[in-house]
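Undergrad: Sequence:
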Amino acid sequence: GTDSALSYYYFRKEYIDERPIMLSSALWLRIIFSLSALVIIFFAAPYLSNILFGKDHSLFIIITGTTLLFTSVYSFLMDLLRFELKPWLFTIMSTLSVLLNIGLTIFYVLYLKQGVYGALMASAIAYAAVFVYTCVYVFKKYGIGFSKKWVKDILKYGFPLIGTGIAVWVLGSTDRYFLAHYQGLDVNGIYAVGSKIASFIGLIAGALQLAWGPFSMDIQYEDSAKKVYAKVFLLFSIVNIIGIFFISMFAIDLLKVFTQPDYYSAKAVIPFLSFSTILSSAYFIVVIGMHLTKKLQHTIWITLTAAIVNIAMNLLLTPSFGAVGAAFSIMCANLIIFALTLWVSQKYYPINFRFAKVMVILIPCAAIIWITYYANLKIFPRIIISSFFLIFSVYYLYSNFKNTEEYQKLLKMIRLGAKGNDEA
Numbered sequence: 001g002t003d004s005a006l007s008y009y010y011f012r013k014e015y016i017d018e019r020p021i022m023l024s025s026a027l028w029l030r031i032i033f034s035l036s037a038l039v040i041i042f043f044a045a046p047y048l049s050n051i052l053f054g055k056d057h058s059l060f061i062i063i064t065g066t067t068l069l070f071t072s073v074y075s076f077l078m079d080l081l082r083f084e085l086k087p088w089l090f091t092i093m094s095t096l097s098v099l100l101n102i103g104l105t106i107f108y109v110l111y112l113k114q115g116v117y118g119a120l121m122a123s124a125i126a127y128a129a130v131f132v133y134t135c136v137y138v139f140k141k142y143g144i145g146f147s148k149k150w151v152k153d154i155l156k157y158g159f160p161l162i163g164t165g166i167a168v169w170v171l172g173s174t175d176r177y178f179l180a181h182y183q184g185l186d187v188n189g190i191y192a193v194g195s196k197i198a199s200f201i202g203l204i205a206g207a208l209q210l211a212w213g214p215f216s217m218d219i220q221y222e223d224s225a226k227k228v229y230a231k232v233f234l235l236f237s238i239v240n241i242i243g244i245f246f247i248s249m250f251a252i253d254l255l256k257v258f259t260q261p262d263y264y265s266a267k268a269v270i271p272f273l274s275f276s277t278i279l280s281s282a283y284f285i286v287v288i289g290m291h292l293t294k295k296l297q298h299t300i301w302i303t304l305t306a307a308i309v310n311i312a313m314n315l316l317l318t319p320s321f322g323a324v325g326a327a328f329s330i331m332c333a334n335l336i337i338f339a340l341t342l343w344v345s346q347k348y349y350p351i352n353f354r355f356a357k358v359m360v361i362l363i364p365c366a367a368i369i370w371i372t373y374y375a376n377l378k379i380f381p382r383i384i385i386s387s388f389f390l391i392f393s394v395y396y397l398y399s400n401f402k403n404t405e406e407y408q409k410l411l412k413m414i415r416l417g418a419k420g421n422d423e424a
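Reading the sequence shown from the start, the letters are residues 1 to 424 in our numbering.
It is worth saying that the hints were derived from the structure and are not from the lab.
Don't take each hint at face value.
Unchecked claim - Straight-line C-alpha distance at most 20 Å; calculated SDA-like pairs for lysine to any residue:
#, residue 1, residue 2
1, K227, V344
2, K294, I162
3, K140, F83
4, K149, K227
5, K152, Y9
6, K140, D17
Stated by the list, open to error - Computed spacing ranges between beta-carbons, pair by pair:
#, residue 1, residue 2, range
7, Y396, K156, 55 to 65 Å
8, F33, A375, 51 to 61 Å
9, S399, L316, 35 to 45 Å
10, K294, P20, 15 to 25 Å
11, I308, S387, 40 to 50 Å
12, A192, F388, 26 to 36 Å
13, Y396, K196, 26 to 36 Å
14, F388, Q346, 32 to 42 Å
15, K378, K156, 53 to 63 Å
16, A375, K347, 17 to 27 Å
17, P261, V116, 26 to 36 Å
18, V257, A375, 15 to 25 Å
19, S387, L68, 25 to 35 Å
Even for Gly, the Cβ is constructed at its ideal location relative to N, Cα and C.
Turn these sequences into a full structure, and let the hints steer you where they fit.
TA: Written out as structure tokens, the structure is:
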């Protein structure tokens, strides 16, 4: 929860002068927590190994625990660079970490033939290098101070999010377990392929999401802040609905390019999983009210409710409908999180998100996808239909944004997101 706490306090006007001690204290907090976890993992490794593998792989678990320390600090650097509005340095650091990881993996696994041990060591060394850079960057720029007051404030803000994180983990893991139990690993594999294709939409959502946090905090004091938040939501929704439309319309063609015939049935889960991805990303926009008013404790019962619903729906749908049932269940769970978060946020910080304008795009999108799947249209008519939908959507998007005072602010956020999208 320290990332959310920092994103709140970093942009508050009353704490600008305290940023150095705030940031250094937050980094020390990350290091202390991660070291504490590593000590526990070190002594528990033999027992964990026996539970997980039935044999002694303690070394693997210890290396993974060490990597967790390094990645925790690495994520701190990525958050800080977004707060500082340094997209180019963000991109450079994220790209270098990936390339270093790949290079070391090739060296350890392919050249030294070290197998799993080599893969884990490659990741640990790559993130260790970023760990060192992060400590130098932060402590040199902001000092090495440690404030009990700031540690207390950060923990107080972020502590409720621990329960949320656990609930989200349960939410994200449930479908695979139910599929493996009721349908077997083959169906689970088909579901995983559909999930990978649907994750393409994450490239669009991820670009906006990366920029959204610092952008939303940076403009919170402006008179037009609520209007900008509403415009961002409309922009996000329309752009991503277009993305869902094209991924769903040409899902079978993507599957034919990237997979084999055994996986073509993954087409059926792609629309549900794509929409689920967008809902989970849109959550970060509508939660702004809870974020600004420090009411994030509500996220615990919201995500817990969604996790319970997801489990119940999987129990009901997965045995009969397989991967489609699991995909529909996770989509409904993310819809519940979105709806409840919106409801609570609006109570504390009302924003006119103008959902009617979103429905103008969403309803025809869903209808066309359903008809296309039901009729099993060939690629040529799908191209024609998609062209008309794209023209309509782009014009509709333009008509809602031209000549508005928020237009330049949105362009700024998009540029930051495009530069900082390390998922690309």
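Undergrad: A separate judgement is required for each hint: does it hold in the structure or not?
TA: So, going through the hints one by one against the coordinates:
{"no.": "1", "hint": "K227 / V344", "result": "19 Å, holds"}
{"no.": "2", "hint": "K294 / I162", "result": "15 Å, holds"}
{"no.": "3", "hint": "K140 / F83", "result": "17 Å, holds"}
{"no.": "4", "hint": "K149 / K227", "result": "35 Å, violated"}
{"no.": "5", "hint": "K152 / Y9", "result": "13 Å, holds"}
{"no.": "6", "hint": "K140 / D17", "result": "17 Å, holds"}
{"no.": "7", "hint": "Y396 / K156: 55 to 65 Å", "result": "44 Å, violated"}
{"no.": "8", "hint": "F33 / A375: 51 to 61 Å", "result": "54 Å, holds"}
{"no.": "9", "hint": "S399 / L316: 35 to 45 Å", "result": "43 Å, holds"}
{"no.": "10", "hint": "K294 / P20: 15 to 25 Å", "result": "23 Å, holds"}
{"no.": "11", "hint": "I308 / S387: 40 to 50 Å", "result": "43 Å, holds"}
{"no.": "12", "hint": "A192 / F388: 26 to 36 Å", "result": "33 Å, holds"}
{"no.": "13", "hint": "Y396 / K196: 26 to 36 Å", "result": "30 Å, holds"}
{"no.": "14", "hint": "F388 / Q346: 32 to 42 Å", "result": "35 Å, holds"}
{"no.": "15", "hint": "K378 / K156: 53 to 63 Å", "result": "59 Å, holds"}
{"no.": "16", "hint": "A375 / K347: 17 to 27 Å", "result": "44 Å, violated"}
{"no.": "17", "hint": "P261 / V116: 26 to 36 Å", "result": "31 Å, holds"}
{"no.": "18", "hint": "V257 / A375: 15 to 25 Å", "result": "22 Å, holds"}
{"no.": "19", "hint": "S387 / L68: 25 to 35 Å", "result": "48 Å, violated"}
Hint violations for this structure: numbers 4, 7, 16, 19, all remaining hints satisfied.
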